[in-house]
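Participant: Under the UniProt record's numbering, the first residue of the sequence shown carries the number 1, and numbering increases by one thereafter.
It is worth saying that the hints were derived from the structure and are not from the lab. We put the CB at the ideal spot given by N, CA and C, even for glycine. Take these hints with a grain of salt, some might be off.
[Unchecked claim] Estimated spans, in silico, between C-beta atoms of each pair:
(1) 55 to 15: 17 to 27 angstroms
(2) 45 to 67: 30 to 40 angstroms
(3) 16 to 40: 11 to 21 angstroms
(4) 64 to 41: 32 to 42 angstroms
(5) 42 to 67: 37 to 47 angstroms
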Amino acid sequence: MLLDGRWYSSNELAELLHVDGSTIRRWRTARPPQGPAFVQVSDRVFMYNSDDVEMWLASRRVDPGEVA
1 MLLDGRWYSS NELAELLHVD GSTIRRWRTA RPPQGPAFVQ VSDRVFMYNS DDVEMWLASR
61 RVDPGEVA
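Taking the hints into account, I'd like the entire structure generated from these sequences.
Facilitator: Now the structure itself:
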């Protein structure tokens, strides 16, 4: 596993995925929501579990050998 079974803030997740924090916010506020599952802790705090992030990453995996 890439991550370690913990919870990450939006900013921490952005850093882990090497994307800007605005990307995480855009995924979360899209209709329907995109990106990994999240938990809204308060009006402005969202947390992401590493297991959910791992599942989301796996769902986006493209194997070039299978596409050809």
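Participant: Please flag the earlier hints that this structure goes against, numbers listed from lowest up.
Facilitator: none
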